[in-house]
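What follows is the residue order along each chain.
Number of protein chains: 2
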Amino acid sequence: MAKKLWHEHPSETLRVTEGFRLADVDPDATPGYSHGHSRGEKDLHERRELLGDLQERLYAASRVGDDTDAVLLVLQAMDSAGKGGIVRHVVGGVDPQGVELAAFKAPTDEERTHDFLWRVEKRLPQRGFIGVFDRSHYEDVLIGRVRSLASDEEVERRYGAIREFEQRVAASGIRLVKVMLHISRDEQKSRLMERLERPDKYWKYNPGDVDERMLWDDYMDAYQTVFDRTSTPDAPWYVVPANHKWYARLAVQELLIAALEGIDPQWPGADFDVAAEKKRLAAS
Amino acid sequence: MAKKLWHEHPSETLRVTEGFRLADVDPDATPGYSHGHSRGEKDLHERRELLGDLQERLYAASRVGDDTDAVLLVLQAMDSAGKGGIVRHVVGGVDPQGVELAAFKAPTDEERTHDFLWRVEKRLPQRGFIGVFDRSHYEDVLIGRVRSLASDEEVERRYGAIREFEQRVAASGIRLVKVMLHISRDEQKSRLMERLERPDKYWKYNPGDVDERMLWDDYMDAYQTVFDRTSTPDAPWYVVPANHKWYARLAVQELLIAALEGIDPQWPGADFDVAAEKKRLAAS
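Those protein sequences? They're chains L and R, same order as listed.
Quick note on numbering that gives the first Met the number 0: the first sequence kicks off at 0 and runs consecutively.
Quick note on numbering that gives the first Met the number 0: the second sequence kicks off at 0 and runs consecutively.
Quick caveat, the hints were computed from the structure, so don't treat them as lab data.
Please note that a few of the clues may not be correct.
Copies of the same chain are indistinguishable here, so a pair counts whether it falls within one copy or spans any two.
Pairs of lysine-lysine, BS3-like flavour, derived with a Cα cap of 25 Å [to be verified]:
| no. | residue 1 | residue 2 |
| --- | --- | --- |
| 1 | Lys41 | Lys121 |
| 2 | Lys203 | Lys277 |
| 3 | Lys278 | Lys188 |
| 4 | Lys188 | Lys3 |
| 5 | Lys41 | Lys277 |
Values in this document were obtained by computation on a predicted structure and should not be read as measured data.
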């Protein structure tokens with residue numbers, strides 16, 4: 000089925016590999032997908048069933064068997080790039096009982112007294128679950144670097160700490176899918192402007208968003224360094240062009256499907272005597 | 000809209016009030032709703048938008064304003080009555096970012112060293128959220144009583160403790176919607192049997208389910224006492240006939256909608272100067 004939808008699979012075309020340059024990515028593009036908006040929304044809707052089925056198998060396998068697999072989707076992006084839409088329209092398509100969502104805001108006073116990975120470790124998904132990080136430990140080398148919230152040495156240390164952390168996470172059975180939603184500066188401007196034009200969107204607007212926007216180039220540099228330093232075979236980054244919301248959602252859905260198909264979870268066998276239980280139930 | 004769907008609203012017809020008798024409830028009935036299965040599924044689908052819109056307003060109001068409102072859906076039922084389906088098909092229709100789901104299993108060793116409400120308190124929804132308890136503190140007066148996991152005196156104490164706890168919860172701004180999904184013994188048998196007949200359902204079957212089933216009447220007595228002792232104006236119980244899954248889902252969806260409409264959350268105003276921000280953004 001994926002073959003018909005995608006002429007090149009997002010897990011190949013969007014993956015950050017050696018020599019990747021963020022500046023070369025066109026946020027308007029729809030790599031690997033030849034159809035347009037309306038077909039894209041239809042495909043998104045139709046592939047929910049497959050994603051939901053895979054998620055249920057993953058969950059089932061972890062409840063009965065010894066499988067320790069899980070998936071962790073890490074979402075990073077500039078403001079208004081569509082993280083919320085991914086959670087709502089992609090993650091929202093699977094059973095909430097199998098999802099663990101963690102939104103990382105500015106760290107609390109308590110969190111600040113610990114290493115930057117302390118609060119992240121606590122929110123790793125249990126086996127059988129799809130975890131979603133809405134922002135993550137990468138903030139500590141993005142805003143952390145751009146705003147000099149930490150010293151250069153500390154930021155430098157963090158890249159290595161992240162690599163080791165993610166290697167351990169991957170070894171524990173968690174498939175990491177790290178996604179940066181990539182919009183253009185112009186697209187961000189028009190999305191933020193919309194929030195200022197609609198009273199039902201005011202609550203989504205934060206004057207601080209414009210402050211960060213003014214540092215756009217610094218953020219892009221910080222992202223480039225993140226990709227250079229932390230895209231590894233076990234914990235790859237995917238840069239998803241996101242000016243077209245429908246494309247970004249479809250692509251992230253496909254990355255999740257691929258991660259789950261990589262696990263290939265199976266319905267677990269009965270750990271009880273089926274015939275005996277049928278008899279006992281019939282008599283009850 | 001609700002008027003067309005329901006000739007009597009579930010928040011009235013299904014509510015446990017003085018003199019309620021569980022034994023008088025027909026699990027096959029569809030009180031207040033005159034249509035059948037296919038129309039019921041269509042209505043469920045169509046009313047998702049309203050529920051989703053209300054949820055978003057609730058969330059928005061809590062982010063900017065001083066609103067401390069939240070909703071807590073408590074789900075209790077015999078095995079296979081459809082709690083999971085409610086989470087998947089009703090709660091799954093709203094943005095995962097606004098939902099906090101807590102599934103209460105048998106208490107851990109650590110939890111056992113605390114009062115029975117300790118673990119429950121920790122999972123109360125934040126303001127602006129819809130919390131869902133898949134099982135709850137009521138297990139401590141249901142299986143706790145039927146299986147004599149606690150002394151009679153302790154169980155007796157718990158009813159009062161629950162009333163006081165829920166009164167405080169309600170006063171803090173959390174609307175409680177306590178739902179018992181009510182299936183018949185026969186319906187449970189056929190649902191459990193289905194799990195034994197389909198290898199993709201084995202993982203949902205637990206031999207312990209039949210053990211509990213054998214104590215059906217004791218459980219019904221324990222539920223009756225729960226209703227007698229803990230259905231209060233601030234924390235009412237609703238008994239939802241659940242032999243028809245579509246009806247139970249539609250009814251619970253409607254109870255959530257009613258709870259949110261009772262709050263009537265409004266889009267918060269801007270806490271910044273809109274004109275000034277437009278100018279700043281335009282220049283950026």
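Self-check item: Within, between, both or neither: Lys41, Lys277 at alpha-carbon 25 Å
Solution: neither (42 Å within a copy, 35 Å between copies)
Exercise. Go through the copies and call it for Lys41 and Lys121: within, between, both or neither, with a Cα cutoff of 25 Å.
Key: neither (37 Å within a copy, 40 Å between copies)
Exercise. Could you figure out if Lys278 and Lys188 sit no more than 25 Å apart (CA to CA) within one copy, between two copies, both or neither?
Key: between (66 Å within a copy, 12 Å between copies)
Exercise. Could you place Lys188 and Lys3 in one of the four classes (within, between, both, neither) given a Cα distance threshold of 25 Å?
Key: Close neither inside one copy (35 Å) nor across copies (43 Å); limit 25 Å.
Quiz item: At most 25 Å between C-alpha atoms: does Lys203 with Lys277 qualify within a copy, between copies, both, or neither?
Solution: between (54 Å within a copy, 14 Å between copies)
Of the numbered hints stated above, those contradicted by the structure are hints 1, 4 and 5, listed in ascending order.
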